[in-house]
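Peer 1: Here is what each chain is made of, one letter per residue.
Protein chains: 2
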Amino acid sequence: MAQTNGDAVPASPKAEFLSVESILEEHVPADKLAQVKGVLYGLNCGKPVAAVPLPAELTSAAAASGYDLQAYRFDAAPEQLRPPRIVRIGLVQNGIKAPTTAPYAEQREAIHQRVRELIDAAGAAGVQVLCLQEAWHMPFAFCTREKAWTEFAESVEGPSTRLCQELARKHNMVIVNPILERDEAHGQTIWNTAVVIGNNGNVIGKHRKNHIPRVGDFNESTYYMEGNTGHPVFETAFGKIAVNICYGRHHPMNWQGFGLNGAEIVFNPSATVGALSEPMWPIEARNAAIANSYYVGAINRVGTEVFPNAFTSGDGKPAHKDFGHFYGSSYVAAPDASRTPALARTLDGLMVADCDLNLCQQLKDKWGFRMTARYDMYAGQLARYVQHDFKPQVIRDPSLE
Amino acid sequence: MAQTNGDAVPASPKAEFLSVESILEEHVPADKLAQVKGVLYGLNCGKPVAAVPLPAELTSAAAASGYDLQAYRFDAAPEQLRPPRIVRIGLVQNGIKAPTTAPYAEQREAIHQRVRELIDAAGAAGVQVLCLQEAWHMPFAFCTREKAWTEFAESVEGPSTRLCQELARKHNMVIVNPILERDEAHGQTIWNTAVVIGNNGNVIGKHRKNHIPRVGDFNESTYYMEGNTGHPVFETAFGKIAVNICYGRHHPMNWQGFGLNGAEIVFNPSATVGALSEPMWPIEARNAAIANSYYVGAINRVGTEVFPNAFTSGDGKPAHKDFGHFYGSSYVAAPDASRTPALARTLDGLMVADCDLNLCQQLKDKWGFRMTARYDMYAGQLARYVQHDFKPQVIRDPSLE
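Sequence lines, in order, name chains A and B.
Position 113 of the first sequence, counting from 1, maps to 113 under the UniProt record's numbering, and the rest follow consecutively.
Position 110 of the second sequence, counting from 1, maps to 110 under the UniProt record's numbering, and the rest follow consecutively.
These aren't lab readings, by the way, just hints derived from the structure by calculation.
Accuracy of the hints is not assured; some may be wrong.
A pair holds if it fits inside one copy or across any two, identical chains being indistinguishable in the list.
Keeping only pairs whose Cα atoms sit at most 25 Å apart, straight-line, the calculated PhoX-like set for lysine-lysine is [as the list claims (entries may be wrong)]:
1) K366 x K37
2) K170 x K364
3) K321 x K366
4) K32 x K47
5) K317 x K366
6) K364 x K317
Kindly produce the complete structure, drawing on both the sequences and the hints.
Peer 2: Here it is, written out as structure tokens:
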């Protein structure tokens, strides 16, 4: 299976496997596999999440161009007073396409070219709402702590937005465009931002990443601060969407914030590596879909990015030039606890999913999480907790005195 | 493989399989299995979660008595200024042991006898903190909506507590005892309560279930209301523990509440059935362990319980006498996203796990979720949300007008 993140980029030092799903499909007999998948992937309307056929020219183009193309469908129960509200969403994961030593303009153009190809494929597949990965227009260079990489930062109206606007108009598609933003209105401040572009090509608005990591080589707080845009929900032609950027997925109240504002689909554009977070990846986005009764599109970067200068990682190990393997594995999780398989761990990819948005309210009514959430109790608890002299509610065993 | 929930109780109508793990172990080659488990079960200190050997007399007693006995170890990194703080915890899952048509005293005594056997085994295995499943002393009869079953309710000082006190003293063990509580001090009100018993046999305190389901046949709101005990953390001889009872696992802020008060281990005693919740089961407790940097012991009832009178389920299907299969599958999740395999789906069981509590603070420092949580922002959001005239933060695409 070809690595697709560019000949110029060395493969990961350890051999990476394609996907958990490909191993299970190869080795577990069909009847047993159905039992395993029933537990691990759930059921939608009582059945396994169904694959959707795509035109043969799309699947052969994907094979020829070396990216993983998968498509699935989430149904809802028929209702008497509402028609189905089926939205076709798309998730794009991609590696960088030129070595990090190439001129920046060339690096950006190489990624633009690949992403244009993938969005055009999504358009041909009828995708209506698409999300790209975090800071998709550049290498994820924050591991280096070098400030030169901030040249990649763009304004909300910059070249990556313009590309997405062109493609949004071309395909009548809402596009979520996560960029490294330079905020000219506030003295060239840098943010980690998702620009939401409507299906008519206009910028509807932006959301800035609420929670910023200081984990391992994710030195993002060296570059930008916590966002100041709250938890906006964007009402588009194809549903109410929101964006929980990367590390925000570890914060259940961040997911909840978008839910309280009415999101039906929340995208989680990410960039995360195997040794750090892979066991969390199938858990957090899915938990959010369950707890908040909405769809989640979880998107991760793919490939290994090698930087010009060696850097240390605060772990006592020798300086090195790469950050680990971005394991892709993008997937869609539904409010009924079902999910799609993951895209490949080692290939660019496009995940297509038909989502009946009626499922969101159906699950709210079935499980009643909003009704039973006791928000007033938690508003009080948090108001107390943020006081510096907060006293935890602890009952100490008196027999220990 | 023998069903252990009593000869008098019919097996589930559909054949139930033992566990996902047993299927994977049987069919997936070792090298591939390591890759799959690395993603699905995580790594602890860079290695698969290790099994711990138990004395041969314990494993042979478990086999002879038809329960699943498993033991694992979670390590933390060595520290210079703190010794390891290793606590051996135990989770017990069990079926009912007499038909639901038997006299209530006989039903309760039959369960007491089995649970005494399992706690004695835990004591022999050196377990220091043990938790039983939700309302373990009775069939989970709330599906029937019949009030007669409330006879099983007990005061906090009742017979099931007295059994646990005796065993706590005998084994120098903290025992979490989840009962259906009758509150004599408040006019015989019924609650769903966990009584926490110290290793000296004293009752340290109680916690009442914060969130009550109205889902499928879980007619619990017919019997009892939302708890009034907040999010207490119990400081025991072996660490700070808390109890998130059953449906509270679907509420991320409930998990968080115990974390804010300093819990190091949170038990989730549950009673839930396959068709309803099984795909959620591996997700929610584990997400809580990750997000709150504590251990979670997730415990589910096992077996199929058949009631004397047929009841309907609000789904248009004919009246029936059972509620579905309680799928067991109890497991321990660690703050580093690793977890144990699950206990069997069809057998009583005892899960033993050594948990180095130092791992909690180490993960807090590694991931910084507390530091980056922006509680003040969420305190404000919730205070606004609970107002009846709350206006969601929605940005509508102006081009749609």
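Peer 1: Could you run down the list of hints and mark each one as holding or not?
Peer 2: Comparing the hints with the structure gives:
no.: 1; hint: K366 x K37; verdict: within (23 Å within a copy, 33 Å between copies)
no.: 2; hint: K170 x K364; verdict: neither (36 Å within a copy, 46 Å between copies)
no.: 3; hint: K321 x K366; verdict: between (50 Å within a copy, 22 Å between copies)
no.: 4; hint: K32 x K47; verdict: within (15 Å within a copy, 28 Å between copies)
no.: 5; hint: K317 x K366; verdict: between (51 Å within a copy, 17 Å between copies)
no.: 6; hint: K364 x K317; verdict: between (48 Å within a copy, 22 Å between copies)
When the structure is compared with the earlier hints, a violation turns up for hint 2 alone.
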